[in-house]
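K.L.:
Okay, here's what each chain looks like letter by letter:
2 protein chains.
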Amino acid sequence: MKIFKARIYITLKPGVFDPQGKVILSSLETLGHKGVQRVSTGKYFEIELVAEDAEVAKREMEDICQGLLANPVIEKWNHRISEAPK
Amino acid sequence: MKIFKARIYITLKPGVFDPQGKVILSSLETLGHKGVQRVSTGKYFEIELVAEDAEVAKREMEDICQGLLANPVIEKWNHRISEAPK
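Residue numbers (the numbering used here), protein chains in the order written: chain Y, 1 to 86; chain Z, 1 to 86.
Heads up, some of the hints might be wrong.
Put simply, identical chains are the same to the list, so a pair is met inside one copy or across any two.
With a Cα cut of at most 30 Å, we get these calculated DSSO-like pairs of lysine-lysine [unchecked claim]:
1. Lys22 x Lys76
2. Lys58 x Lys43
3. Lys2 x Lys58
4. Lys5 x Lys34
5. Lys34 x Lys22
6. Lys2 x Lys13
7. Lys34 x Lys58
8. Lys22 x Lys2
9. Lys2 x Lys34
10. Lys43 x Lys2
11. Lys22 x Lys58
12. Lys5 x Lys22
13. Lys22 x Lys43
14. Lys58 x Lys5
15. Lys13 x Lys43
16. Lys43 x Lys5
No lab work stands behind these hints: they were computed from the structure.
Next up, chain Y with everything else stripped away, as it sits in the complex (with noise of 0.2 Å):
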């Protein structure tokens, strides 16, 4: 069994609507930030497991998306997997 790290990122589908982004996007232009023309918010997490290989890891990382971390009605992710050094 070999330790992963894995990163997911969880971004809205396009055409979802995102107040967070919009209110983030005025708040920088009120502060001057005029050069910005588009926000999208999203969630980032880090999960440390224990797999048998990267493909399993992968597996299981794509269940737990899925499952619990997105909404796959109007969600979307990604993950990276990498050994963690020991």
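Start from chain Y and add chain Z according to the hints.
P.N.:
Below, chain Z without anything else, positioned relative to chain Y:
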């Protein structure tokens, strides 16, 4: 002027208590994911901005993270900037 896309990851500083991460960890155990050892939560943002060059875009992102998106007392941040495809 060029369009840049920045990906921003904000996480809690080491040692800051992460109650949301603890709840997710215990939920994952209940759901049968016994191999998961640690969960830490964070925020993720994608920002599109217009800037002269990558160096200027990077400085602006640093300002935005420190001034608006993160709480510098308890959070640290990381950003990656790439030129947006035309």
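K.L.:
Taking the hints in turn, state whether each one holds.
P.N.:
Hint check:
1. In this homomeric assembly, Lys22 and Lys76 come within 30 Å of each other (Cα to Cα) both inside a single copy, at 19 Å, and across copies, at 23 Å.
2. Proximity of Lys58 to Lys43 under the C-alpha cut-off of 30 Å is found in both arrangements, the shortest distances being 19 Å within a copy and 22 Å between copies.
3. In the homo-oligomer, the alpha carbons of Lys2 and Lys58 lie at most 30 Å apart inside one protomer (13 Å), although the nearest pairing across protomers, at 36 Å, exceeds that limit.
4. Within a single copy, Lys5 and Lys34 get their C-alpha atoms only as close as 37 Å, which misses the 30 Å cut-off; across copies the closest is 15 Å, which meets it.
5. Taking the shortest Cα distances, Lys34 and Lys22 sit within 30 Å of each other inside one copy (14 Å), while across copies they are farther apart (39 Å).
6. For the identical chains of this complex, Lys2 and Lys13 are inter-copy neighbours only, at 26 Å across copies versus 33 Å inside a copy, given an alpha-carbon limit of 30 Å.
7. Taking identical chains as interchangeable, the C-alpha atoms of Lys34 and Lys58 lie at most 30 Å apart only when they sit on different chains, with a minimum of 15 Å there against 40 Å within one chain.
8. For the homomeric pair Lys22 and Lys2, the shortest alpha-carbon distance between copies (22 Å) is at most 30 Å, but the shortest distance inside one copy (42 Å) is not.
9. When the C-alpha separation of Lys2 and Lys34 is checked against a cutoff of 30 Å, the pair qualifies only between copies, where the shortest distance is 14 Å, while the shortest distance within a copy is 47 Å.
10. When the C-alpha separation of Lys43 and Lys2 is checked against a cutoff of 30 Å, the pair qualifies both within a copy, at 26 Å, and between copies, at 27 Å.
11. For the identical chains of this complex, Lys22 and Lys58 are inter-copy neighbours only, at 21 Å across copies versus 33 Å inside a copy, given an alpha-carbon limit of 30 Å.
12. In this assembly of identical chains, the alpha carbons of Lys5 and Lys22 lie at most 30 Å apart only when taken from different copies (17 Å versus 32 Å within one copy).
13. Proximity of Lys22 and Lys43 under a CA criterion of 30 Å is satisfied in both settings, with 16 Å inside one chain copy and 16 Å between copies.
14. Taking the closest pair of Cα atoms, Lys58 and Lys5 come within 30 Å of each other both inside a single copy (10 Å) and across two copies (27 Å).
15. Taking the shortest Cα distances, Lys13 and Lys43 sit within 30 Å of each other both inside one copy (13 Å) and across copies (16 Å).
16. For the identical chains of this complex, Lys43 and Lys5 are neighbours both inside a copy (17 Å) and across copies (17 Å), given an alpha-carbon limit of 30 Å.
Consistency note: the structure conflicts with none of the earlier hints.
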